[in-house]
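2 protein chains.
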Amino acid sequence: MAKIADQYLLIDPWKIIEEGYRSDKSEVSESLFSLSNEHMGVRGYFDEGYSGSSLVGCYLNGIYEEHFLKEPVAYKGISNRICFMVNTVNWLYTRIEVGGESLDLNHSRFSNFRRELDFKTGELRRELVWKTEKGCEIKLVFSRFLSMQTKEMGFQRISLTALNFSGPVSITLGMDFSIQHETYGQNFWDCPQKAAHDGLYTISGVSQNIRHKLFAGFKILSEVDGEKASIVEDRFVGCRFALNLVQGQERRLDRLAILYTTRDPAESAEATWAQGMALLEQRQTSSYHDSLHCNAAYWQKFWDKSDIAVEGDPEAQQGIRFCTFQMQQTYRGVIDGANIGSKGLTGEAYNGNAFWDTETYCLPYYIFSNPTAAKALLDFRYKTLPQALSRAKDLDCSGACYPVATIDGEESCTLWQHASLQLQPTTSVAYAIWHYVKITQDNDFLFTRGVEILLQICRFLASRGQWSPRRNKFGYYAVMGPDEFQMMVNNNCYTNFMARQTFLYTLQVLADMQSLCPEQKTGLLERLACTPDELAAWQNLASHMIIPYDPETGVYEQHEGFFDLPHIDIDAIPVEDFPLYYNWSYDRIYRNDMIKQPDVLMFMFLYNQSFSREAKRTNYDYYEPRCIHESSLSPSLHSIFAAELGLKLEAYEFFKFATRIDLDNYNRNTAEGIHITSIAAAWMNVVYGYGGMRSDGDRLVFNPTIPPHWQAYRFQIVYRNSTLQVSVDQKQACIRLLDGDPVTAVICGEVREINRNGLVSPIQP
Amino acid sequence: MAKIADQYLLIDPWKIIEEGYRSDKSEVSESLFSLSNEHMGVRGYFDEGYSGSSLVGCYLNGIYEEHFLKEPVAYKGISNRICFMVNTVNWLYTRIEVGGESLDLNHSRFSNFRRELDFKTGELRRELVWKTEKGCEIKLVFSRFLSMQTKEMGFQRISLTALNFSGPVSITLGMDFSIQHETYGQNFWDCPQKAAHDGLYTISGVSQNIRHKLFAGFKILSEVDGEKASIVEDRFVGCRFALNLVQGQERRLDRLAILYTTRDPAESAEATWAQGMALLEQRQTSSYHDSLHCNAAYWQKFWDKSDIAVEGDPEAQQGIRFCTFQMQQTYRGVIDGANIGSKGLTGEAYNGNAFWDTETYCLPYYIFSNPTAAKALLDFRYKTLPQALSRAKDLDCSGACYPVATIDGEESCTLWQHASLQLQPTTSVAYAIWHYVKITQDNDFLFTRGVEILLQICRFLASRGQWSPRRNKFGYYAVMGPDEFQMMVNNNCYTNFMARQTFLYTLQVLADMQSLCPEQKTGLLERLACTPDELAAWQNLASHMIIPYDPETGVYEQHEGFFDLPHIDIDAIPVEDFPLYYNWSYDRIYRNDMIKQPDVLMFMFLYNQSFSREAKRTNYDYYEPRCIHESSLSPSLHSIFAAELGLKLEAYEFFKFATRIDLDNYNRNTAEGIHITSIAAAWMNVVYGYGGMRSDGDRLVFNPTIPPHWQAYRFQIVYRNSTLQVSVDQKQACIRLLDGDPVTAVICGEVREINRNGLVSPIQP
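Protein chains in written order, with my numbering: chain V, 1 to 765; chain L, 1 to 765.
Hints should not be assumed to be uniformly reliable.
Note that identical chains are pooled: a pair holds if it fits in a single copy or bridges any two copies.
Said to hold, decoys possible - In the DMTMM-like style, the derived pairs of lysine to aspartate or glutamate whose C-alpha atoms are separated by at most 20 angstroms in a straight line are: (1) LYS151 to ASP234; (2) LYS70 to GLU182; (3) LYS3 to GLU452; (4) LYS731 to GLU137; (5) LYS648 to ASP533; (6) LYS219 to ASP254; (7) LYS393 to ASP577.
Honestly, the hints are just simulated from the structure, not real lab data.
The following block holds chain V by itself, in its conformation from the complex (with noise of 0.2 angstroms):
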């Protein structure tokens, strides 16, 4: 893996630290300085503004808004729409200007600089020493936070401390709609509203083409120094103030702020405005230190009970602890119809659209530590369920095709070789369902909109499938699997092995109804008019997949004619071709054995326990010196089988990379925005990883592991109801149940029971 950290931050086991300002990092630290409570994030750009590079984005769940292509591809089943989570608005809009002269790090003198992310507050803390063109010394430092109680509530703080003089300084405090829309650069918003009065900035945006609503108001919650100037413009709303400094004495501004929507576009701009307003005042009179206070015990709350705790590597202790931070700002569960964008509400990369990432990488976290929020995933599937039925006809096909990239459920992504060949995000929705009810055993949600999505997913997979006359099997034509370096192939193993299952797991589903709810059963099928003819007609498509896999080797072929490619030694590709997508010939990525990502291993990784270790170990050695790892999911997956086949060392690099895949800035593009869905993986590698969990089978199992270097490490996860805590040391695993009923588990090789007085197990040498 030809992947260099680029380290440049402090490592501390509770805190990303930035000491001394690294300009040529701007954009990378806005992007780990991200804060967001899943309903709104807002990039860790500078309050008072910068002319360096830097993108201040401050992005709601689920607001968007839509492009046109502008030369629209002619062809049936090609998507010409992108949707994308539209910039809104800056509401940390502050300008300082002392003695004529405008803060601006990129021009100003300053020193002292510190920046820092605490992860058990939520704070985003900086600190630095201004020095004026005229000798001023101002000491400056500006917080923000995102209430986790109160998700449309944010805060900021600005302390100041005038240190060489006694003088004003002339602030401007804004709700600014006017920031551009990076990607596009272009501002997608009109702002029919404005108002100043009662101490309360408020202003209303609709997002021009899909009529997002979106309510900003701000009321500055510290006294200031005579009169608030207001300031009203097309786009913006505001005030400019003076504070007059002594020095030596601190002063504190804070600002309290509401970003307010419904998500609904049919929704009135009046309704918005009101219910905006009503929500303004009346948490107006919240404080920055009291709801401070409310954020860290919530992430106290968090941390007991999701904390992966690693002794004796402290880098690792950090990166594992962002990415469950990150991962618990991104998505919690807690609006509805929200999905994971890519880069979650960190920047403008992917558009913010969700992909198969969130079934096959986030899912298992929220599995096991947060079960709502793992059902509210799954609705959105069936909330969207429509979109996908519409996307299968555009297609020439039945039942329900889901999207490679969507917000609002259609089909967003406008590449035809993706949208068009890729059906795993389909096939994870089977998954996804699967996963979820063997581990919460959620039958109201399978019998009902569960089984209702499978059906759809189950007549799409037929009638996109195709017989191959010649050999009378069944499989899939004219496909891209997972790996997105072979494209458009025949009989992708993981997308013929993820329908088998689907087509399989759905029956089984049936039959389960069939026994438990027989005439709910019925009336389902009535409804969808499925007839048994269809059904058995699955059963059939099941029983005649092609599963490419060579008997002599064991080695299953990622699609027919894999194993007849022109090999490529991929550790002679020159570090300076990377990445490959826009440094070689677009063909040429396409026509050799290399792959981007996982895609065999992939399935045997979902369906871990129906394959042996040795068949393992022989895919592992046959895959991995192909992979180029040029997808960020990849790293992880190869960290888990690596532990399990006893790889310490490859094991703990790819777990490196990982779990510090934006810290240490691996993929040179962490500018972007922070890849969410890939961190998602990095608690993978942990629980699944080095904890040897499996989660495939009729019970857990664990086969705990740990890497030399590390003294212990330690988590907990929920199994129906029951927490269960594992800590690993170099000696031995101990695992107990914290809450619930005691769960029976298969603990290196033996069936035990795990109860409140714990187990002790021998650990995988």
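Given chain V, work out where chain L should sit, using these hints.
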């Protein structure tokens, strides 16, 4: 073949005739009644303007503009620039008013409409009787032709006869640069210079990006009544005047137009103006009558040499003459650096770009009728070798990669799946050199420009191909063959076969040079830094080339895995699904054993004598039922095979389609322009198909046959300075030398000498 004729023109052996105006066919007729003379082309639109559906198109060969995609694809090797033959100037601009009412066939009352294009003169004539609202009846005859001698010169004649009144007619004639390029809905011309004096109306055009310079001017050759009022506008120059008609007396209005360009964007506008003006002044004494007479003489000479006469099938006779006429109009080798756009100069579809059609479908016609023109087409590829070298680099390859579509030598196809995956544009250049030299023995060309092209093509082919390590064989991965319904396949049989032929032929040429001109060879290899190792490598690649083939059935496999593809019964596809490109989901097209056009059959045609009749039969029987003929290039090849295999009915069905593709608008897209490169194959249908000529061996071969319902047919070819005539009736074939030295050929399996006495041979059953 689900293709249905849509015939509305009258049948005539030497004309196409529209009797009674078909406004629903307006643009189809405009295409069919197009005129061109290689230098310029003009669609058959109405001189006087028409407010109905119309494309006022006037194109000059090699005069193009460029369009950059508005949202360019960032991947390497993908072209984002489209070159297109740009619409230029309407030199026939005419407006006619009687009593304040303008003639517009979309609104005016008229009768006795007849339009005809005469293949013996190249004159387009249209007559009608116009009845104004006030009841004035005027007989109008519009005629036009393009000079075949002075290629910049065109003539227009308007004849007016007042039938039931005497009185004035107001007429405006102009040179109109303001017409739109239809594809982009835009005009691409600036007109810096305009003049109207001494009876000459002149205007210069400079194209906006490429800066092509065009001089356009006209002179009215007839007397008019009263003053001509000049009109000079932004992109227009012309005049308005009156004709005082006397009932029953015909008045004729003749105009001569000059459209001059050097096709060199570096030429100054002033120089172009001066040269164009000089030409106009020099030619201004020409008359319509005399020039038409010259044209008739030109066409007489042409038909004497090139006519294909068919007795007993008036539709076929008209069709084949139409094809021959249009081919000759489009290209005859008089313009330096010109090529053949797939719609000739008759419309904007395919942007006027040249494709591999030139080498594969058009070249045989020129080789056997106009070898100078054939050589000029090869020289186009030599002149654009620098662009081909550059294109190969873009694709991370060495040598020369010829573009899928081009005007100026650069790749103008922005669909990567074609531009990056199709190698046949490159191999067909090598094939064309081979074929041209085999027939003409033009070693002067071969040992200089030809061999240089061949070497650079071999370099490209060596770098683009890859080794399959498992088999220790060489081939091409991620390619699209000629059949565009199988995308991104491995080891397309056509691609591999043609690459092997290219390597072997190039090495053979070098061996011949070693004998004939060793110093020239050494100099060349040195100049191109071509080492013995490189040549040895090519030999090795050729001998290890993968040629997918099933020895049990004798069927060549179109690509690896083709035999395992899901089968589709193409006869069961509903006719309303065609064209599939627009009615099927894009990906669905690519995952069946359906093919769009011949692929295996293509190389079996090009190297016909390398395959036994049985092999051809086997492969025809396998592939023909899988071929949907969605390419207009497809039926002709099948007609030739069917004729060879004695499948008379099929041969004729395919022949009919290929020969009347535009006259009967089989593909319902003739409105976009005439399928020039497809109708080139109509010539092959007679000569190779029924004539049974084969030209890929050491000697010419003839195995004549004849459709059952024809009485006879006759064609001529030029072969190494000899002219041969082949006459076939239901009893026998007669092959005679008309000019030059006797030719030894293989007639029905016997080696015989063709001399002036002629020889008689039986025909194939």
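Evaluation of the provided hints:
Proximity of LYS151 to ASP234 under the C-alpha cut-off of 20 angstroms is found in neither arrangement, the shortest distances being 27 angstroms within a copy and 62 angstroms between copies. Proximity of LYS70 to GLU182 under the C-alpha cut-off of 20 angstroms is found in both arrangements, the shortest distances being 18 angstroms within a copy and 17 angstroms between copies. With identical chains, the CA atoms of LYS3 and GLU452 are never at most 20 angstroms apart, being 43 angstroms at best within one copy and 43 angstroms at best between copies. Taking identical chains as interchangeable, the C-alpha atoms of LYS731 and GLU137 are never at most 20 angstroms apart, the minima being 56 angstroms within one chain and 111 angstroms between chains.
In the homo-oligomer, the alpha carbons of LYS648 and ASP533 never lie at most 20 angstroms apart, since the shortest distance is 51 angstroms inside one protomer and 46 angstroms across protomers. Taking CA atoms no more than 20 angstroms apart as the test, LYS219 paired with ASP254 passes inside one copy only; the shortest distance there is 9 angstroms, against 83 angstroms between copies. Only between protomers do LYS393 and ASP577 lie at most 20 angstroms apart by alpha-carbon distance; the minimum there is 15 angstroms, versus 40 angstroms within a single protomer.
Hint violations for this structure: numbers 1, 3, 4 and 5, all remaining hints satisfied.
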